[in-house]
Amino acid sequence: GDSVTQMEGPVTLSEEAFLTINCTYTATGYPSLFWYVQYPGEGLQLLLKATKADDKGSNKGFEATYRKETTSFHLEKGSVQVSDSAVYFCALSVPGGGADGLTFGKGTHLIIQP
Amino acid sequence: GAGVSQSPSNKVTEKGKDVELRCDPISGHTALYWYRQSLGQGLEFLIYFQGNSAPDKSGLPSDRFSAERTGGSVSTLTIQRTQQEDSAVYLCASTLTSGGPSYNEQFFGPGTRLTVL
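Chains as they are written, first to last, in our numbering: chain A, 1 to 114; chain B, 1 to 117.
Calculated directly from the structure, the hints in this document are not laboratory data.
Being a predicted model, the structure only gives us computed values, none of them experimental.
All C-beta atoms, glycine included, are put in the ideal place defined by N, C-alpha and C.
One should not assume that every hint holds.
[Said to hold, decoys possible] Here are the simulated DSBU-like cross-link-like pairs (lysine-lysine), alpha carbons at most 35 Å apart as the crow flies:
| # | chain 1 | residue 1 | chain 2 | residue 2 |
| --- | --- | --- | --- | --- |
| 1 | A | K52 | A | K106 |
| 2 | A | K49 | B | K57 |
| 3 | A | K60 | A | K49 |
| 4 | A | K52 | B | K17 |
| 5 | A | K60 | A | K106 |
| 6 | B | K11 | A | K106 |
| 7 | A | K60 | B | K17 |
| 8 | A | K106 | B | K17 |
| 9 | A | K106 | A | K77 |
| 10 | B | K15 | A | K106 |
| 11 | A | K68 | B | K15 |
| 12 | A | K52 | A | K77 |
| 13 | A | K49 | B | K15 |
| 14 | A | K52 | A | K68 |
[Said to hold, decoys possible] On the chain A side, residues computed to face chain B include the following (Cβ under 7 Å):
| # | residue |
| --- | --- |
| 15 | L44 |
| 16 | F104 |
| 17 | K106 |
| 18 | I112 |
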């Protein structure tokens, strides 16, 4: 079956540090890949997505590149802010399969200290 | 317009009782999804509806769980004879449609936090 593996947290960084959160996947079809973010007390929000190999998704200074050869979709940001503190989920979906249900990683809790 | 709403936001119940969780999707969204977020399991996909139909119920954790959707809008997730391991946040999401050739973004509600004592 499909699965997503992402680095366990919490990840604690200082403001303006460089961020990488690793994500790798296995999928039976050709998946679309996503990063979702859950800020404290809020619901899940789509942060960025990529639907085919070598696509780069980007939003709010975050980027992730769909690497088919390494089955990875690592999330990066050049300079994090305190407001980026949240839980980040890597996810995949195989379009056309009928359900489009998302398969999520377990989430990485990111803490940014001033 | 309004986003996905869920009620109640918090529910505390005693082991063995039944609970109903409600989801109101975004107006016009035909597809609706239920997920469960728990400490040990992360986010699990439970079931989806296209219109009022749920083609695949295999993601439901046990036969104590059931879900229905009426009028192509509101959905309820019912858990019978609740157990402590059912404690989790239950998330609902909706999207315009499902099963097409490209992904339609899922919009999530704030969730219902269920605590079974």
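Next item on the list: Please write out, lowest number first, the hints stated earlier that are contradicted by the structure.
Entry: The structure conflicts with hints 4, 7, 11, 13, 18, although it agrees with all the remaining ones.
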